[in-house]
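Q: Each chain is listed here by its residues.
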Amino acid sequence: MRVGVFICHCGNNIAGTIDVARVAEETRKLPGVVYATNYMYTCSEPGQAEIKQTIAREGLNRVVVAACSPRMHEVTFRRTVEKAGLNRYLFEMANIREHVSWIGEDREANTQKAIEAVRMAVAKAIRNRPLVSSSFAVNKKVLVIGAGVAGMQAALDCAEGGLETIVVEKSPSVGGMMARLDKTFPTIDCSICILGPKMVDLVQHERIRLHAYAEVEDVKGYVGNYQVKIRKKTTYVDWTKCTGCGVCMEKCPGKNAYDHFNCGVSPTRAINIPFPQAIPKKARIDPQFCRQFTKGKCGVCAKVCPTKAINYEMEDEIVSEDVGAIVVATGYGLLDLERLPEYGAGRYPDVITGIQYERLLNASGPTAGHIVRPSDGTEPKTLVFVSCAGSRDKSIGVPYCSNFCCMYIAKQAILTKDHLPDSQSYVFYMDIRAPGKGYDEFTRRAQEEYGARYIRGRVSRIYPKGKKMVVKGADTLLGTQVEIEADLVVLATAATAAPGASMLAEKLHISYDTNGFYVESHPKLRPVETNTAGVYLAGAAQGPKDIPASVSQGSAAAAKVLSLLSRDALESDPAIAHVNAAACVGCLKCLKTCPFQAIKEEDLRGKKVAAVIETVCAGCGVCTSTCPCGAIQLEHFTDNQILAEVNALCRM
Amino acid sequence: MGAINPTVDRERDFMSEVVKESGENPILCYQCGNCTAGCPYTEFFDHPVHRIMRLIQAGQREAVMASKAIWLCASCETCTTRCPCEIDVAHIMDTLRAMALREKKCAVRDVLTFYDAFLASLKKHGRIFEMGILMRYNLLSGHVFADADLGPKVLAKGLISFLPRNIRGRDEVARIFKKFDEKRR
Amino acid sequence: MADKRSYPYYEGCSLEGTAASYDSSLRLVMKSLGAALEEPPDWSCCGSTPAHAVDHLLAAALAARNLAIVEGMGSTTLVTPCPSCLSALKKAHGRMARNGAFKEEVNGLLDVPYRCTVAAKSALQVIYEDMGLEEVARPVTTAIPGLRVAPYYGCILNRPPALACFDDPENPVSMDLILKAVGVEVVDFAFKVECCGAAFGVPKGEIVHRLSAKVLDLALDAGANCIAVACPLCQQNLDLRQGQVNAAMGTSFNIPVLYFSQIMGLTYGYSPEQLGIDKHIVSAGALISTREPVEKAARAMGAGQKEAV
Amino acid sequence: MPDVGGKELRIVGFLCNWCSYGGADTAGVARFKQPTDLRIIRVPCSGRVDPLFVVKALLSGADGVLVSGCHPRDCHYSDGNFYARRRLEMLKRFLPFIGIDDRRFHYTWISASEGQRWQQTVTSFTRQIHELGPLKRVEEARAL
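Chains as they are written, first to last, in the numbering used here: chain A, 1 to 652; chain B, 1001 to 1185; chain C, 2001 to 2309; chain D, 3001 to 3144.
These aren't lab readings, by the way, just hints derived from the structure by calculation.
Do not rely on the hints blindly, as some may be mistaken.
[What the hints assert, rightly or not] 27 Å max Cα-Cα, derived DSS-like pairs, lysine-lysine: (1) A:LYS465 <-> C:LYS2214; (2) A:LYS381 <-> C:LYS2279; (3) D:LYS3092 <-> A:LYS592.
Fair warning: this is a prediction, and the values are worked out from it, not measured in the lab.
Looking at chain A on its own, in the form it has when it is part of the complex (with noise of 0.2 Å):
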């Protein structure tokens, strides 16, 4: 046995609190250690080098670094031991940086604990074996789960790069949050007519299907192949036949449906189209509100329909697909009013969110841009605007940023100004925040061209006086407080995780944080992908975004999925189960508890015994600590090497 040792400094990041020339000192006393040195940055370029050329000078047969997480630089030194014509699986490495140096003050503990944390390295590396990895194909298709800006950007990437992309929207249009919008910030675009144009070329792509109203159900499978099942929703209207006349709606005599584009600023008919540019253009009919259902007697829609295309007895369907890799960009949620109780909680119809703003000032909105007051339809000329309503709030659970109000309170304040000139707008505020091209510069404009006065300090409460709400405010600079009568107040309420996000991670075995966000892979170096190989995030699925950032993720998923999917086959994982067939007694406990299936009964010579699936193994070693006869071994995490880390660590 030849092991080589290379303890990493990492600048000082390691050196600093761990005397790492001692550790190679006492590494070079460990049975089995033919070479240890420390080295300034073992990552780098000649870093890499001079473990190859060792390698070959020392003839070492097992390779250990000990430097930084392997979560971060394993898959690097697998690569360097492999040019050096050494299995990548002789290769282990020691974390004496995040579990170390970075975390403990007292240098000698750390170079003890350091020392320790290389002895237990080099004992799993002598009892590793060569793996070797076998190949399987992939589907060269993708799905996207969610159509807003992220998820059409990566579909459209994916698509013009040649892949086959399936598109899953839950609601009835694809266009997500960005469709509900007026202008956007720092340019004052139309929103619409800026992602109009993308959401036309999605339905007409000729590799892009797209599954409106329809929701992930199920995922099996692993990277390169998926299966996935895919619950598109009843809207008991056949779309194959409707044509997206909109006869029905006007036709309709249900008309207190609750508008979710609109975001309930006014209501719509029980047989709707969300919005003019809704794409697909179809109805549908929402069976809370349609007399059909709640009465029982109706139909006329079914009666004025020109193509016959409402169905009442409809039902969801289940359909499945096949592919390769996912991207998930289910976008993100609102804060509930109930949870801000000193605003209100909903119960005053002039305190109303930004993107119930956005609605009112939006062309195409249900007051085709005129801002009212929602309680009696007349102009307001006092507006307050409220930021970080609900963020950066630990008392009610959100104790984050919400990333972008800060920017579309400017915005909306300027628009307020070119909608009513005469009105005066107040911007309750804690910190600006406005660290994009040209976002600093766009909050300025709202103060010094368009007059929206901008208060330093939160709001305590807002109640109704008369026809006004009066809004209770400080001005921290001043150390005074501020009392606002408004006649129209818009709340920043906080971004939060998508309504059932957590739900879909756990069908797709991808990690949430404790807001329920979705977790990157690594949050500078991998951040859109998940720990699920050939699973994908984009947009604020991962974390509250604006759209250009979104955008830039849609189009990073996609590299990756391109990238990913540009090869016919993938190597398989190698360090996946194996059952020694001789020491089985068929007692298949592993096949029960295997929580992917992956072990099927087999018959050898008369005898009842486990076999493996390989492509199907994800590695999670269950099957190992379940068999009571040791016969069935995670390769690369067998009880030996375990153990044997064990006795390193214990054994003194």
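Assemble chains B, C and D onto chain A, guided by the hints.
A: Relative to chain A, chains B, C and D alone:
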């Protein structure tokens, strides 16, 4: 207030003292101003609540102990109820008042005089004798005719009695005060 | 009618003095609701604002003495009409229960130590939670058509939520629902929990004048002709000092301020004198002059609707 | 984060690669200071942790063992951590029978984003082990 030197130790101690006394952590305050915005008393304060919190963070003992605000806070709990950082602000104000008192500081005499009159009555009778408090307060505060206008109304309605009601256990209550004074001495 | 309830009843000093009518009306209402009130023997003042304003140890001790007495009565709940007492008692209990050292310290000042087994509740909470709206509606015999009430809870009856653990801290509804249940018209009042000036009436009158004026003003704005309160201090500031408010602020408020228990009592058929309504400075006489009997059927329906609120 | 003081004891942690090992990394990246007693062994899934490993560690020198995996329903291998929970709960009940105080063994769920939570877990568990002191295998066995 002149330029402050955050490195002077005495100033740093102040915050840890407040933390220790109140069990609350003022460093959690990010100065959003919600407390000041909601406080019914801001207009009467010399320092608005959020600034009191800031002064603690900055270790400005003198300014805080000398402030009127801590005496004009009525513990209405609005700040505590709405603080996004979940700080029990009202309790911190309470604590500051007690600390000031121990430093023999009080920026709003009348309030303290009233509290003293109240507690004196409580100590003497075991319960509150409103008439007694009022008279004692008027004498000590020098506002001899405070609320005199209410006199006729109150008397006409027989709302207030001229005789204190003593409870049997009033020396027991007095003992509480006695032991307390010894403890704090 | 549910089986007979009985509560240790800590009335607090104010209800022996300026707020006697809160006491008398509450006792009558509780009688109609079939609940017996037991005075803890030889209770003493809870210390109220002045005590905790001066020192938490002293405040806790003064309150804990009474909690210990209730323990002596072998009871685990205590009812008090006065929010000031309520918060003093709850704060003392909370700190002692949470912090063993503090508990020792406090008990060191007491003759009879407090074992932290008593939960204090406001009279409002007990009526709302223990009796419930249906029972509250049952004894009603009388309607008062003239009344449009702004329910005013005051600042500490249900705040801070972590301490009070009762009703919504920003928009409480218990008193609204109770008054609606007894058939009284209630207006949507935005200043339910805004502070009236609390204990500053004597030492800093001007504060009370400013703050109480805002409350009275918004009550009028909400279309009320009467304010219902659950706190002796609120009543004092809004009623007894209403004249001072008018003088200081140049206003001309003339709004009767009744205890919610007095309004309940009226609908239960008790006379204004029994309920001590004549003791208030701003007369409610005109408002409540017309009182007509209600026939059960109509009321049952009415109550039914209220619960839907 | 101050060290819990006293001589360092031997604590072994088995962390699943996807959540808890990541959480420990997150804590490191954020420089959340922790006591230095803990040594971490990386396993693919908490479901891979054979109770035998824990017992082996405790019998051969460890004073405490910590196992941490993904939150229930957030498991990278869909439900590996459910199997872990079942086994580890059994183990916790079984430890006293071999003369080991079950407070020396703790299992928990920590996600890759919960660096702070990891710091708290390590600190409190280390403190607990220091309160129990070094595992004197013979005495604790006799104490039965």
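Q: Run every hint past the structure and note whether it holds.
A: Results for each hint:
1. A:LYS465 <-> C:LYS2214: Given that 27 Å is the threshold and the Cα spacing comes to 11 Å, the pair holds.
2. A:LYS381 <-> C:LYS2279: With a Cα-Cα distance of about 47 Å, the restraint between A:LYS381 and C:LYS2279 is violated, given a limit of 27 Å.
3. D:LYS3092 <-> A:LYS592: Satisfied, since the Cα-Cα distance of roughly 24 Å is no more than 27 Å.
Checked against the numbered hints above, the structure breaks only hint 2 and satisfies the rest.
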